[in-house]
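Protein chains: 2
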Amino acid sequence: MEFKKLLEKRSADHWKNFIPTLSIDCVIFSFHNSKLQVLVLKMKEQEHWGLPGGYVKKEENVDDAAIRILKDRTGTENIYLQQFYTFGNLKRSESAFEDYSDDLWHKQRFVSIGYYALAEYNDVSLVVDEYSDSVEWKSIEDLPDFMMDHKTIFDKALVTLREQLNNHPIGYNLLPEKFTMPELQKLYEGILDKKLNRGNFYRKILRYDILNKLDESRKGGAHKSPDLYSFDLKKYNAALKEGLQGNW
Amino acid sequence: MEFKKLLEKRSADHWKNFIPTLSIDCVIFSFHNSKLQVLVLKMKEQEHWGLPGGYVKKEENVDDAAIRILKDRTGTENIYLQQFYTFGNLKRSESAFEDYSDDLWHKQRFVSIGYYALAEYNDVSLVVDEYSDSVEWKSIEDLPDFMMDHKTIFDKALVTLREQLNNHPIGYNLLPEKFTMPELQKLYEGILDKKLNRGNFYRKILRYDILNKLDESRKGGAHKSPDLYSFDLKKYNAALKEGLQGNW
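Residue numbers (my numbering), protein chains in the order written: chain A, 115 to 362; chain B, 115 to 362.
Worth flagging that the hints you see were computed from the coordinates, not collected in a lab.
Possibly wrong hints are sitting among the right ones.
If chains are identical, the list can't say which one is meant, so a pair holds when it fits in one copy or spans any two.
To be verified - Pairs of lysine-lysine, DSSO-like flavour, derived with a Cα cap of 30 Å: (1) 171 with 221; (2) 205 with 355; (3) 349 with 265; (4) 265 with 348; (5) 348 with 221; (6) 270 with 171; (7) 205 with 221; (8) 158 with 327; (9) 130 with 309; (10) 308 with 355; (11) 318 with 149.
All chains, full assembly: derive it from the sequences and hints.
Here it is as structure tokens:
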């Protein structure tokens, strides 16, 4: 179907089924090749890239809408998802459909609730939806040009993720089940975009008391086999809920 | 005017002037008598207390709406204001106006954007609006019963404020211009609801490098005159923007 016709058809459905004014945008992070990655898609007829998003059904909690949208885009529900900010400036969204009729659903003023997600790179299926030409992971060091205010949304997600490192554990949804300390440190360095002192990192992360040291090490390679760790999920989830100890 | 008539009159105005689906709720904190305080109001015909709130005009940024609502309720704009979470569960707001017609503006489904505010106790004028019988500061140790999901909104604001202590400086909008270290420590203790070790607190807060020690001390009282401090606003604002140093 021609894209214009598709949008107009969807517009009529959307006016019926979704609550007005509100949209959801998702910043989906993963960690791959020692770099933080973000999921972006190219909408048909748009010059720039966008974040995956959607709308909230009339009989649906906002958080459930975010879970649904995320599942549609990634094929998995096994993802850490957290609301981080709501974007409500005038003219943030209206520009994208200038050539369309003023009553097109997609052309209205939308206030967008941002969720960031942390996903294991290999768990995610890249689902190209009917609005898009392609969907890709991009390293945060090599971002494309974004449409609308999606760069602002991405930036706020990254700042929030960095601040979260001071309050909450991270890594369970981004690393394989078993990992080495250097791998965990690389994840922190990738998120913070800076080198960390090895000794300080070890001391601090061990003080949080969320790791199990396993009775096995990784074989192979030229170096001494590094110790393997996993997260102690009970302590990890408690720290996720109550915050890390020892800040104040 | 009878309350029912007032609501119906406002309802017609609101359908014209505000964007649908969205409301704003404000959790306004101050610090007084060594206790964290929150501003609550008692809406007419409602059994429980509520947070001050309002709606977003069709031609208004969401952040500007929050500033406007805050000014209307407190008589001042000199307040630190920060969006912290958006509350979007079904049935969170619809119950409050059960006895009214289904097309009453106030009875619709609203997704509410929460802002918390930090205000100097003495700067705030308590403005009773046309919907309310009274507006009061309540100590967070002595909260009233809240209407709708306002207790959830309050709890999330407090958790966020506590986490902010790990990322950002606090106090400029809550303390007088000049203050002693024990007063600053009491503020942190009031927010965290726990006693802090004096030596650790001093070391940590001084390491943040946001204080000026003044060439004066507070006279009077039986004790040794305590040193006075003020915030170094340039460094304070930089830390507010970039986060506190030395976390990772």
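The hints, checked one at a time:
1. 171 with 221: both (18 Å within a copy, 18 Å between copies)
2. 205 with 355: Between copies only: 25 Å across chains, 36 Å inside a chain, cut-off 30 Å.
3. 349 with 265: between (35 Å within a copy, 27 Å between copies)
4. 265 with 348: For residue 265 and residue 348, only the inter-copy Cα distance (28 Å) is at most 30 Å; the intra-copy one is 36 Å.
5. 348 with 221: For residue 348 and residue 221, neither the intra-copy (46 Å) nor the inter-copy (42 Å) Cα distance is at most 30 Å.
6. 270 with 171: both (25 Å within a copy, 24 Å between copies)
7. 205 with 221: Close inside one copy (10 Å) and across copies (28 Å); limit 30 Å.
8. 158 with 327: neither (48 Å within a copy, 59 Å between copies)
9. 130 with 309: neither (51 Å within a copy, 54 Å between copies)
10. 308 with 355: So residue 308 and residue 355 pass the 30 Å test inside a copy (27 Å) and across (18 Å) alike.
11. 318 with 149: Only inside one copy: residue 318 and residue 149 sit 22 Å apart there, 32 Å across copies, limit 30 Å.
Hints 5, 8, 9 from the earlier list are contradicted by this structure; the remaining hints agree with it.
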